Amino acid sequence: MFKWANAASFSVHAGTITTIASLPFVKDVLPVATVRVPAPGALKRAPGKRSAGPGGYGHSLTQLALLGVPQAHRYIQEKGAVPGEDVLVGVFDEGFWLGHPSYDSVVARGAVVADSDFVTHSPDPYVDSADHGMQVMALIAGHEPDSFAGIAWGADFIVARTEQSVDSLGQEYERHVEEDNWAAAMVWAESLGVDIVTTSVAYRGGFTSPDTDYVYEDMDGNTAIIARAAQWGIDRGVIVVSAMGNEGSFATGTLVSPADVEDVVAVGAVDADRRIAFFSSTGPTADGRIKPDLVAMGLGVSVPNTTGYGLASGTSFATPMVAGLVALVKQMHPAASPQDIRERVYRACALSPYQDSVDNYYGRGIPDALHACIAGSDVYLLVEDTLSRRVAGAEAYRDGTLMGVSDSFGAVVFSLDESALPETVSVHHSGMANGAVIVRSVQSRNRVVLDHVLRIRVADPRDSLVQDARIHVREQGNGAYTSYTVDSNGVASIPRYSTVSYEVYATAPGYVASGDTLIPFDLFSDTVAIILKQRSVSRFAVLPNVLSLSDIKDDATMRIDFMAMEDVPLGEGQWCQIAVRSLNGDAVWEFAGWLTAGRAVADKNGAPVVWDGRSRSGRAVAPGVYFVIVHYGGSTYKKKVLITG
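All letters in the sequence shown, in the order written, are residues 42 to 686 by the working numbering.
FYI, nobody ran anything at the bench for these hints, they're computed from the structure. Each hint should be verified, as a subset may be incorrect.
Said to hold, decoys possible - With a Cα cut of at most 30 Å, we get these calculated DSS-like pairs of lysine-lysine:
no. : residue 1 : residue 2
1   : K681      : K645
2   : K574      : K679
3   : K681      : K594
4   : K679      : K594
Said to hold, decoys possible - Between beta-carbon pairs, the in silico distance windows are:
no. : residue 1 : residue 2 : range
5   : G634      : G520      : 39 to 49 Å
6   : T347      : D397      : 41 to 51 Å
7   : S591      : R622      : 16 to 26 Å
8   : Y395      : D644      : 47 to 57 Å
9   : S467      : P186      : 31 to 41 Å
10  : S482      : P394      : 21 to 31 Å
11  : D276      : V154      : 35 to 45 Å
Here the structure is a predicted model, which is why all the values come from computation and not from measurement. Idealized CB from N, CA, C, for every residue including glycine.
Using the sequences and the hints given, assemble the complete structure.
See the structure below:
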């Protein structure tokens, strides 16, 4: 019986249908049919225990982080509440088993407030072999510290067995009566005050004969019995969350019912990289509406099994996570209408990187639980780096006042006076360049991207600052060096835009240049120190001091490295004259330039001064001994060099 529709369903011989239809109190007789959402793949054993991760989420961290759930949990718990508290969630599936450790808290606090079996009409919907229902419900209700967490483990639950996958002979059983079971369960759950119903069973095709299939034209939100039942529940204030189905994303229009109902929250599946799962059903509905409404992780989802935890895939597993997210929003906004709650969830969605706009594969994209939950004057700031990785420990400031620090998921929540908006919030992190964001409204999510910065401090062996030091940087083995001048604290800040390592060296007037230092990208927040040793009072060297004619032909050069501090006051300059002369005193090459004391001689472009073994006419000089002679500050310096045949 289905009192809302003034209807009932029966199993009757086909020959009696005409007689039944002729009865004066019968308005219509309609055949119905069912199919359970098929699983895209077998359940797999998880490859070893995962790290508990931040917050002790264990196996479930990846799937929850994709939805912003850990941040939402922190927000709720800071208000002294348990996630999902005071919300009543209905779970409709093929049966349930609560013997897994993740259900210990559910059993201990009596969180299942009502249960019923609409298949056998017994008061006990618990079936030892019911993996599917057990796993679906655990994604909301489960909680085993440091191993697994559902999204709303503090909620209360109504469980209803509406699905029968095999008959008494062990044969596949896909019949229209299961749709009637679902409708009856909705009537029952609504009478108990259920807030949210999550369903991972759905209907369209593949029915056991003689039942007939629905066709695409029936996916209009008003034809299938389950669609009508879902709508009647929605009309009475129930939020219904349904799987899109696993009929494939290879084509459009593969959705199943009740995902076709306009106000049902229809959930598709993505992988951990936010790419649509190959099996996730698509819209549009038969009357042209976009479905799904949103997506969640449904490929490789961690779920409990009889040996611990494993991996499962399907929109069946994305759906309860969204239902759990909806429960958190209901908890934080208890007076909000179902429509307002749905809209909050939809506004909190962000497009997948693989979609350009709302579409029939991803819907509105992936919801953010924290964004959907925040209330009042709260503002949500998400801090990321240039590689879209979350940044912990970033400090948010407004007018010099610290508003909050980002958590391990890059989230920080603070309050602003709405009447003062827009406001500029600056963000600081010791290992990154400062950033800023303009906040235009409360209850909003704002994203700021910080550039990675490599900070290099130049000092002498006594840890004194080195004036006028320069840092020279390039990506490892790639291209020319880029130079940066240190600030008044002796620190150069170098932006990093990729995950490569960097080669770095430092120079400064009066100091010996450092050798290359290889700095890996994962050196995140520390300031790297480079120590420079002060040069001797005077320095004069020619390197190398021997060239062959063959070297000259190959464009090899001798570098003339000269610096003096004793002849001219430090910081002042004079002309420096350099000549290369033969044994008989003839000048074969000359250079002249202004040289500041304490700095190495350089050409007009700042490059080292070199002699290429050629005369002023450009010809290679004859083999023999030559002298490099420097005149500077009233002193003369001389070095002998050799050209060989």
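- Please test the hint of 35 to 45 Å on the beta carbon pair from D276 and V154. violated (23 Å)
- Message: Does the beta carbon distance between T347 and D397 stay inside 41 to 51 Å, or does it fall outside?
- Response: Since the Cβ atoms of T347 and D397 sit about 43 Å apart, the hinted range of 41 to 51 Å holds.
- Straight-line alpha-carbon gap K681 to K645, limit 30 Å: holds (25 Å)
- Message: Assuming the hint says 31 to 41 Å, is it satisfied by the Cβ distance from S467 to P186 or not?
- Response: holds (37 Å)
- Message: Holds or violated: the 16 to 26 Å window for the beta-carbon distance between S591 and R622?
- Response: Cβ of S591 to Cβ of R622: about 23 Å, so the range 16 to 26 Å holds.
- Take a quick look at whether K574 and K679 sit within 30 Å of each other, Cα to Cα. holds (25 Å)
- Taken at face value, is the distance from the CA of K594 to the CA of K679 at most 30 Å? Holds, at roughly 26 Å.
- Status of the given 39 to 49 Å range, CB of G520 versus CB of G634: violated (28 Å)
- Falls inside 47 to 57 Å, the C-beta gap from Y395 to D644? holds (54 Å)
- Between K681 and K594, is the straight-line Cα distance small enough, at 30 Å or below? holds (21 Å)
- Query: For the pair S482 and P394, does the Cβ-Cβ distance stay inside 21 to 31 Å?
  - Reply: holds (25 Å)
This entry does not satisfy hints 5 and 11, going by the numbered hints stated previously.
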